[in-house]
Every structure is written in C-alpha cells, then in structure tokens.
Amino acid sequence: MIDILFYILSTITLGSAALTLLSKNPIHSALWLVVSFFSLAGHYILLNSQFLGMVHIMVYSGAIMILMLFTIMLMNLNISNEVQKPFVTKLVATVAFCLMGLIILSVVMRGTEIYELQYTTHGKDFQSVQVLGQVLLNDYVLPFEMVAVLLLLAMIGAVLISKKDKTEKTA
Amino acid sequence: MDKTIIIDKAVIIVIVFAITMLMAMYATLAERKIAAWIQDRLGPNRAGKGGILQPLADGLKLFAKEEYEPNTPNKFLFKFGPFLAMTLALMTSAVMPWGDTLHLFGRDIILQAADINVGLLYILAVLSVGVYGIMIGAWASNNKYSLMSGMRAASQMISYEIAMGLSLIGLLLMTQTMSMREIALQQSGMNWNVFYQPVGFLIFLICSFAETNRAPFDLAECEQELIGGFHTEYSSMKMGFYLFAEYANLFISSAIISVLYFGAYNYPGMSWAAENWSANAANIIGIFVLFAKICFFIFVYMWVRWTLPRFRYDQLMNLGWKSLIPLALLNLVVTAVVILLTK
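Here the protein sequences come in this chain order: W and H. Note that the UniProt record's numbering has the first sequence beginning at 1, numbered continuously upward. Note that the UniProt record's numbering has the second sequence beginning at 1, numbered continuously upward.
Just so you know, the hints here were simulated from the structure itself, not pulled from any lab data. Hints should not be assumed to be uniformly reliable.
As the list claims (entries may be wrong) - Calculated lysine-lysine pairs in the DSSO-like style (CA-CA distance at most 27 Å, straight line):
#1 H/65 x H/33
#2 W/164 x H/322
#3 H/75 x W/24
#4 H/65 x H/75
#5 H/65 x H/144
#6 H/49 x H/75
#7 H/61 x H/79
#8 H/75 x H/61
#9 H/322 x W/24
#10 H/49 x H/61
#11 H/322 x H/343
#12 W/85 x W/24
#13 W/163 x H/322
#14 H/33 x H/75
#15 W/24 x H/79
Work out the full structure, taking the sequences as your base and the hints as a guide.
In structure tokens, the structure reads:
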C-alpha cells in the first residue's frame, strides 16, 4: 500500500519537476513547481513527519510560491524578451550546478549516522511537535538560533535593498 | 484498517460535504435578506414562501447562462481556477470536530473526518494555499483588471496570514496541543478559549475577514476600480463556483472560529444533560449548538459587510503590517509570560 503510494508520489514529483524545467511559459513552470512541492509534502507525510509536511505546504506552496507567481505575473515575462546569456555564463552555471549536485549527493550518501541518534529508540512519538521542539531547543539550540539570525539578516537586507532612496524622493 | 471505520468516515465526509453545500446555498439567501434588513428593505421574497427557493432559482439561472470564454491562451487554467477555489474551500472541513463521540450500533463514532496531530497546522496550510484558485483564474482570464484583482488577493492573503498564525500560536501555548479534537474537548463547560485569549480572538477574526476576501477587505472584487475583479471574465456555472466557494469559505471559517475560540460543541449544562438524559442526547444537542454558533458567526460576517465601508489598499496593508502583527506578537509574549508565571 505504502509502496504504491510512494511510486505514485515519486512519479508526480519527478514528472512535475521535469515539466518545471521544460515549460516555455514561466507561469506554467511556477505552477508545475507548486505541484512538485505538494507531492514532496506527501513524501514527508509518508515518512510519518506530519509537522514537516504541513509546514512545507505552508512555507513553500503557501508563501514562497505565491510571491514568486505574484512577481512573474506582474513582470509579464515572455519568451520574446528573454535575454540570451553569453556562452561563458552558461558554462559557469552548468559547472556550479554540477558541483552543487555533487555536494548534495555526498551529503545523502554519507548521511547515514542520523539514524543512530537516540530519538528513534526513545519510545516517544518522534513525529510530534513536542519532541521536535525539545530536540531543537535543547540539543540544537545554537544552530537553530543561527538559522533564525540568518533569516532575520536576509529579511533586513531585502527591506534595505527594496527601500527607496531618500534623496530621490526629495528631488 | 477496520472496514467499519472506513464506512463511518465516508458517511461523515459525505454528510459534512452536503451540509457545507446546503449552508453555502442558504448563506447566499441569508446575505441578501440581512442586507435588506440592514438597509430597511424586504429582500428577495418571490421564489417560494419568503424567498426560501431563491438559491435554487439562482442556481438554475447560472446553469442556464451562456458559457463565455475569453480569448486566452490558457484555456485549461481558465477552467481550472474555479475548480481549485472550490476544492480548497472544502478541504478544511476534514479536521473539524463536529461533535463529541457518539455511541451508535454498539460502537463509538467520532464525528470528525480525520483527527490528525497537526490539525491546527493543517488548517493554516489549507488557508495559505486557498488563494491559488483566485490567482490562477485571474491570470488565465487574460484581463488586466482580473490580474490586478488576483495580485491584490494574493498580497492580502500573504500579509494577513502572518498575524493569523501569530495569534494562533498564542492559542497553542494555552492548549498545548494542535489536535482540533483535543482543543474542542479542553473547552468543556464554559472554559472557552475566547475568555483566555480575547486579543488573539480579535486578531484572528480580523484576519479571517481578510482571508475569506470579505468586506471590509474585499479589495479583490472592488467594483469601482476593477469591474468584477477576478471573476470579470467568468460566466455561467464557472462564476457560480467562485461565488459558491466564497460562501463555503465563509461557513468553514465560521466553523474554525467556533471550534477554536467559542467552545466548539460544548455548552453550559452539557455534563448535566449527559447525566440526566443520555450521553448521546447531550452530544446531539452539542452538534446543534455548534451549528448555532456557526450561524451566528456567518451573521457577524454579513453584519460587518453591510455596515463597514471598504478599506483603501494602503489602509489595508498598514493595518496588517503595522497594527495586527505587532499586536499579535505582544499578545504572544504576554501569553507566554503569564503561562510561565502561573505554571
């Protein structure tokens, strides 16, 4: 039963991810990405982490993708006014992507130690928000706060960049 | 899995679906009647006794209208928009506890489609993606007015979601659980959350108005500026779906408010009724009490719509970002401190 669900979900995830890349229209791409995110949330729920699944839908499909669609719809992108990048840029982008893929692959291959943590054999309901909160705020409080500060910095940076220049206003 | 559970859940889902549809149908009539009452008119009174058949007549009219399609390259997305709006409006009801456990045919029936651990998050997640139907339909209409309306709906949704989530975290600190069933059970007697979280409730209520695109925050369908808003290009039953989804949303969001803040199916004297009559009788009264609460909140929605003028766009954004979010944060901190001190 779960195997069948996994295969159906994987087909949707990979199919919609491929269509994200292949679609000519940027809005269609974005919509396929939304479908892909939804099926990823399905994977999380299959792995018994309901919290992660719900938060994934809320953050990615509910906030980030809506903002992204918002921008694409307002910019009115067309294939005709797409700028052709020079060859060097394309080459560098490909190399950067391959390196990134290598890093992710190695993380996945070497990431087996995570299963040997004590939490899986703790006897507690490890998918519950309570346990997750205790783990994050007791054992991993420093990385957690670091991520929070990083997000705050990114937010302040975005506000600073988008803020209009004051001298421009008076002129 | 047990077969009887599947049958139970299927029956509950079908009943909830039917009731949502019925409530949405008669909410359209109630809206016109209440508008008429507030404006000192009579309202629709020709179809049936006192206008009771008006929703059916409206539905029939929408079915009979010409199916118009604008010249758009996105025919599929144009049809997909209303469908998505309707689906997402109906999805929230899955985690609603409609009543306490009933003992029927020798087994316990939980009056809830799915009791998941993260019910509260599920509701927030479905609400946050609820704007896709409007956005996709608005963009696929290939009309600048529709597009502007879709943009407004999206930015409004994103802005008010934050304050809504923050006000719910305050509630979460009180209840210590995200399961809707347990939140409902905790409020037995008169232990309604609204007495402990009045500010949170107020913020949640205001955000609900924005999330359902209702007046005074219905900028997405501001007629003076945007013709019909996102459904300008829609006709026939496709437009009917958008209108219907709005009323389904209204019903569901009233249900959320009743369950989270107004004690769900609990009423004073419920334990007395359970002792003196029977547990089932007390629970069935509870279901009707919940529906009475829901009807009251639907009335509040309509009352506000016909009383307050529409906000201007910058006023809407200022209220959301500069008033509600700081207030919700303050509420959160005060709640946390009080809980820590009284522990």
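Going through the hints against the structure:
1. H/65 x H/33: holds (24 Å)
2. W/164 x H/322: Between residue 164 of chain W and residue 322 of chain H the Cα gap is close to 19 Å, so the pair holds against 27 Å.
3. H/75 x W/24: It holds: about 16 Å lies between the C-alpha atoms, which stays within 27 Å.
4. H/65 x H/75: Answer holds: residue 65 of chain H to residue 75 of chain H is near 19 Å, not above 27 Å.
5. H/65 x H/144: holds (24 Å)
6. H/49 x H/75: violated (41 Å)
7. H/61 x H/79: holds (20 Å)
8. H/75 x H/61: Status holds; Cα separation ~24 Å.
9. H/322 x W/24: Between residue 322 of chain H and residue 24 of chain W the Cα gap is close to 40 Å, so the pair fails against 27 Å, i.e. violated.
10. H/49 x H/61: holds (19 Å)
11. H/322 x H/343: Not satisfied, since the Cα-Cα distance of roughly 32 Å exceeds 27 Å.
12. W/85 x W/24: holds (17 Å)
13. W/163 x H/322: This hinted pair holds, its Cα atoms lying about 17 Å apart.
14. H/33 x H/75: violated (37 Å)
15. W/24 x H/79: Distance of about 20 Å is within 27 Å: holds.
In terms of the numbered hints stated before, the structure departs from hints 6, 9, 11, 14, listed from lowest to highest.
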